[in-house]
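Asks: Sequence:
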Amino acid sequence: MPGPWLRLFRPVTLFPVLVLAVVFSLMGLGHGPDLDQWLHILLAGSLLVVANGCSNLINETSPIDMVADRTNERTKSRPVASGELDASVVQSVGVIGWLLSIVVGALFLPSIFVALDALTLTFAWVYSRPPYGKKYLGPNALNLGVPRGGLGIAAAWVVYGSFFSPGLWTVLAITVPFVTLGNTAKDIDDQAGDMAAGVETVATRWGSEVARFITLIGVVWPLVVMLMWRLYTGNPWLLLYVVPMFVAIGGAFKWKGEKLWSRGFYGTYAVLALLLGLPTLLHLLGVGSFTNILTAVEGLLRALQNPP
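Offset between the sequence shown (1-based) and the numbering used here: plus 7.
Derived by calculation from the structure, the hints in this document are not laboratory data.
Just so you know, these numbers come straight off a predicted model, no measurement behind them.
For every residue, glycine included, the Cβ atom is placed at its ideal position computed from N, Cα and C.
Among the hints, a few may not be true.
Pair ranges (Cβ atoms, derived) [stated by the list, open to error]:
1) 20 <-> 203: 21 to 27 angstroms
2) 265 <-> 205: 19 to 25 angstroms
3) 259 <-> 290: 30 to 36 angstroms
4) 254 <-> 205: 31 to 37 angstroms
5) 107 <-> 18: 16 to 22 angstroms
6) 46 <-> 21: 15 to 21 angstroms
7) 10 <-> 145: 34 to 40 angstroms
Calculated lysine to aspartate or glutamate pairs in the EDC-like style (CA-CA distance at most 20 angstroms, straight line) [stated by the list, open to error]:
8) 193 <-> 265
9) 142 <-> 207
10) 263 <-> 216
Modelling step: build the complete structure from the supplied sequences, incorporating the hints.
Replies: This is how it looks when you write it as structure tokens:
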């Protein structure tokens with residue numbers, strides 16, 4: 008089993024943060040970066056990873072969270088809940104990590120990145136601390152959806168892009184509702200512990216079946232926006248989103264909550280983000296547009312059918 012600090016930081020959730028931060032930074036830049044721009048993009052992604060990892064530490068030391076963790080069979084062995092690590096030490100490390108991310112960002116990155124990073128950390132603190140601290144469903148959902156589906160993406164984008172870019176706000180119109188609704192899946196398996204600790208979620212208020220349905224709405228939401236705004240005309244790769252979406256729909260009422268969260272929500276989110284950024288990535292690789300790729304594939308098939 009990994010050491011307690013490694014388990015607290017949850018590295019499996021941090022690598023996707025770095026990848027997605029780089030993708031959205033490149034989308035904001037809009038063209039191939041030079042070496043200096045690459046370094047700034049990677050630095051911004053690394054600082055967002057630090058902020059996210061330290062948010063995990065802060066969340067683990069929340070008084071209400073420790074009660075819930077000690078009640079749930081699945082979470083009672085977590086380092087803070089089990090007493091393996093002292094909560095005050097863990098919280099101190101988390102706050103120091105947050106401060107470092109702000110200071111380093113202020114030294115090397117645009118001020119708007121620092122402002123968005125600081126706002127993200129504020130949401131993370133409010134999410135796990137009194138007087139709100141998971142006790143109310145509305146703030147609980149917004150304190151997850153806004154920073155994870157909006158502010159983090161915006162912070163990565165503005166390293167070289169504009170905060171007022173229509174492209175950014177189109178992405179946020181997809182991701183903020185998706186994350187706010189889709190994250191409901193994480194509460195399904197924690198229902199008993201959350202009720203004991205006084206945490207209000209969709210699962211504790213209306214039950215796990217409603218939580219699954221809300222997750223399903225979140226997963227379908229991106230397709231609704233794509234069709235309503237005809238986003239696929241500018242980025243046909245978005246149509247491939249139906250594949251992970253239908254997989255998530257198939258498992259919505261079959262999988263356990265943890266599996267629905269990791270595959271149905273997180274897996275779908277990763278694919279969605281990559282499809283949003285795929286035209287930019289292909290352009291950087293010199294592959295060309297969707298049409299050019301189809302033309303190349305068609306030419307290859309014809310060559311195979313009619314060898315010289």
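Asks: Look at each hint and say if it fits the structure.
Replies: Tested hints:
1. 20 <-> 203: 21 to 27 angstroms: Cβ of residue 20 to Cβ of residue 203: about 25 angstroms, so the range 21 to 27 angstroms holds.
2. 265 <-> 205: 19 to 25 angstroms: This hint holds: roughly 22 angstroms between Cβ atoms.
3. 259 <-> 290: 30 to 36 angstroms: Since residue 259 and residue 290 have Cβ atoms about 35 angstroms apart, the given range 30 to 36 angstroms holds.
4. 254 <-> 205: 31 to 37 angstroms: holds (35 angstroms)
5. 107 <-> 18: 16 to 22 angstroms: holds (18 angstroms)
6. 46 <-> 21: 15 to 21 angstroms: The hinted range 15 to 21 angstroms holds for residue 46 and residue 21, with Cβ atoms some 20 angstroms apart.
7. 10 <-> 145: 34 to 40 angstroms: holds (37 angstroms)
8. 193 <-> 265: holds (6 angstroms)
9. 142 <-> 207: Roughly 5 angstroms separates the two Cα atoms, so the pair holds.
10. 263 <-> 216: Holds: residue 263 and residue 216 sit about 11 angstroms apart, inside 20 angstroms.
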